[in-house]
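Asker: Could you build the full structure based on these sequences and the hints that come with them?
Residue numbers (this note's numbering), protein chains in the order written: chain A, 401 to 551; chain B, 20 to 124.
It is possible that some hints are incorrect.
[What the hints assert, rightly or not] Quick list of in silico lysine-lysine cross-link-like pairs, BS3-like style, CA-CA up to 27 Å: (1) 475(A) with 406(A); (2) 471(A) with 406(A); (3) 23(B) with 439(A); (4) 87(B) with 23(B); (5) 124(B) with 475(A); (6) 471(A) with 90(B); (7) 471(A) with 57(B); (8) 475(A) with 57(B); (9) 124(B) with 522(A); (10) 406(A) with 57(B); (11) 468(A) with 53(B); (12) 471(A) with 522(A); (13) 468(A) with 87(B); (14) 23(B) with 522(A); (15) 23(B) with 90(B); (16) 124(B) with 23(B); (17) 124(B) with 53(B); (18) 522(A) with 90(B); (19) 468(A) with 406(A); (20) 475(A) with 53(B); (21) 124(B) with 468(A); (22) 471(A) with 124(B); (23) 522(A) with 432(A).
Rather than coming from a laboratory, the hints here were simulated on the basis of the structure.
Just so you know, these numbers come straight off a predicted model, no measurement behind them.
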Amino acid sequence: MTDFLKFLLTAHIFLGVTGIILFYVVWMGLLKSPLAERKLRLSALWGVILFVLSWLTGGYYYATYYGKAVKPVIKAGPFPWAHSVIMEAKEHAFLYLSFLAIVICAVLYAYRENLESRPEIKTALTWLTGLVFFLGIIITLSGVVISGAVR
Amino acid sequence: MTIKSSFAVSVAGICTVVFITLITVLADLVPALKDWLKSAFTHHWIGKGVLAAGLFALFYLLVYGSAKPEKADHLLAPLLRALVWLTILGTAILFLFFIWEAYWK
Numbered sequence: 401m402t403d404f405l406k407f408l409l410t411a412h413i414f415l416g417v418t419g420i421i422l423f424y425v426v427w428m429g430l431l432k433s434p435l436a437e438r439k440l441r442l443s444a445l446w447g448v449i450l451f452v453l454s455w456l457t458g459g460y461y462y463a464t465y466y467g468k469a470v471k472p473v474i475k476a477g478p479f480p481w482a483h484s485v486i487m488e489a490k491e492h493a494f495l496y497l498s499f500l501a502i503v504i505c506a507v508l509y510a511y512r513e514n515l516e517s518r519p520e521i522k523t524a525l526t527w528l529t530g531l532v533f534f535l536g537i538i539i540t541l542s543g544v545v546i547s548g549a550v551r
Numbered sequence: 020m021t022i023k024s025s026f027a028v029s030v031a032g033i034c035t036v037v038f039i040t041l042i043t044v045l046a047d048l049v050p051a052l053k054d055w056l057k058s059a060f061t062h063h064w065i066g067k068g069v070l071a072a073g074l075f076a077l078f079y080l081l082v083y084g085s086a087k088p089e090k091a092d093h094l095l096a097p098l099l100r101a102l103v104w105l106t107i108l109g110t111a112i113l114f115l116f117f118i119w120e121a122y123w124k
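Answerer: Here you go:
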């Protein structure tokens with residue numbers, strides 16, 4: 401693996417995990433009252449940016465290197481399911497994240513300073529944000545399994 | 020960002036989650052579709068991402084253009100709940116599909 405690809409892989413993980421942390425901040429923030437609405441908006445906005453950057457960095461690594469150099473190693477090893485099930489599911493579930501993040505961000509900006517007066521929307525948004533956090537955790541743990549299967 | 024915008028984004032999000040789930044399963048069941056994605060976008064996964072982003076933008080514009088603000092506000096919470104359930108269902112479908120494909124196909 402070239403240094404550039406190592407950088408991209410590291411960036412993908414760092415950006416993705418930081419994005420997940422930011423959506424955890426949003427989720428926890430939505431559970432509080434009163435809402436720190438500016439903090440929630442900024443956290444969600446940065447979360448969207450980081451998820452998209454994680455998508456781009458990971459995507460380049462995946463499309464140019466993983467398929468020809470990593471996938472065959474995993475499939476030939478003792479844990480072929482790490483690719484056939486975990487990586488396949490992860491790489492597609494990952495695609496959901498940026499769009500869900502944009503929805504959360506959009507709602508926070510649309511209802512700025514008014515979200516507390518809309519409890520139904522706030523509750524639904526809280527569930528969605530919690531889901532993004534947990535989906536992010538599942539995706540991250542899937543990445544750990546895949547990395548382990550390569551060794 | 021307006022209420023109408025957040026409504027349009029939520030509808031676009033639902034359509035995109037459904038699309039990603041469907042195209043992932045279909046591309047593995049229909050080799051011609053996967054081949055087309057590879058040839059058009061250099062990699063099937065890139066194709067799915069690009070098409071998903073394009074569809075998201077398209078649905079946003081279509082819905083934004085036709086939505087009424089009062090209705091948008093009233094429907095937003097049910098839409099967000101639907102998005103939660105569809106994402107959970109989509110994720111489960113993806114994992115179960117790839118398990119099936121790895122062991123029983």
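Asker: Hint by hint, note whether the structure agrees.
Answerer: Hints, verified against the model:
At most 27 Å may separate the alpha-carbon atoms for a hinted pair to count; residue 475(A) and residue 406(A) meet this at roughly 21 Å. At most 27 Å may separate the alpha-carbon atoms for a hinted pair to count; residue 471(A) and residue 406(A) meet this at roughly 16 Å. Of the pairs offered as hints, the one joining residue 23(B) and residue 439(A) holds, with about 23 Å between alpha carbons and a cut-off of 27 Å not exceeded. The suggested pairing of residue 87(B) with residue 23(B) holds, with an alpha-carbon distance near 7 Å, which does not exceed 27 Å.
Distance restraint check for residue 124(B) and residue 475(A): the Cα-Cα separation of roughly 17 Å lies within the 27 Å cut-off, and the hinted pair is therefore satisfied. A C-alpha spacing of about 48 Å is found between residue 471(A) and residue 90(B), which places the hinted pair above 27 Å, so the restraint is violated. A distance of roughly 17 Å separates the Cα atoms of residue 471(A) and residue 57(B); the hinted pair therefore holds under the 27 Å criterion. A distance of roughly 21 Å separates the Cα atoms of residue 475(A) and residue 57(B); the hinted pair therefore holds under the 27 Å criterion.
In summary, the hint linking residue 124(B) to residue 522(A) is not supported, as the alpha carbons are separated by about 43 Å, beyond the 27 Å threshold. Only pairs whose Cα atoms come within 27 Å are accepted, and residue 406(A) paired with residue 57(B) is accepted, the gap being roughly 25 Å. The hinted pair formed by residue 468(A) and residue 53(B) meets the criterion: a straight-line CA distance of about 17 Å does not exceed 27 Å. Distance check on the hinted pair: residue 471(A) and residue 522(A) sit about 42 Å apart at the alpha-carbon level, beyond 27 Å; violated.
With a C-alpha separation of about 50 Å, the suggested pair residue 468(A) and residue 87(B) falls outside the 27 Å cut-off, and the hint is violated. A C-alpha spacing of about 17 Å is found between residue 23(B) and residue 522(A), which places the hinted pair at or below 27 Å, so the restraint holds. Simply put, residue 23(B) and residue 90(B) have alpha-carbon atoms about 9 Å apart, close enough for the 27 Å limit, and the pair holds. Simply put, residue 124(B) and residue 23(B) have alpha-carbon atoms about 45 Å apart, too far for the 27 Å limit, and the pair is violated.
Annotation: proposed proximity of residue 124(B) to residue 53(B) holds, straight-line Cα distance about 17 Å (limit 27 Å). For the suggested pair residue 522(A) and residue 90(B), the alpha carbons sit about 17 Å apart, so the restraint of at most 27 Å is met. For the suggested pair residue 468(A) and residue 406(A), the alpha carbons sit about 16 Å apart, so the restraint of at most 27 Å is met. A threshold of 27 Å between alpha carbons decides the hint, and for residue 475(A) with residue 53(B) the separation of about 20 Å falls inside it, so the pair holds.
Taking the CA atoms of residue 124(B) and residue 468(A), the gap is near 24 Å; set against the 27 Å cutoff, the hint holds. For the hint linking residue 471(A) to residue 124(B), the alpha-carbon distance of about 20 Å falls within 27 Å, and the restraint holds. Of the supplied pair hints, the one linking residue 522(A) and residue 432(A) holds, its CA atoms being roughly 11 Å apart against a limit of 27 Å.
Comparing the model with each numbered hint stated earlier shows that hints 6, 9, 12, 13, 16 do not hold.
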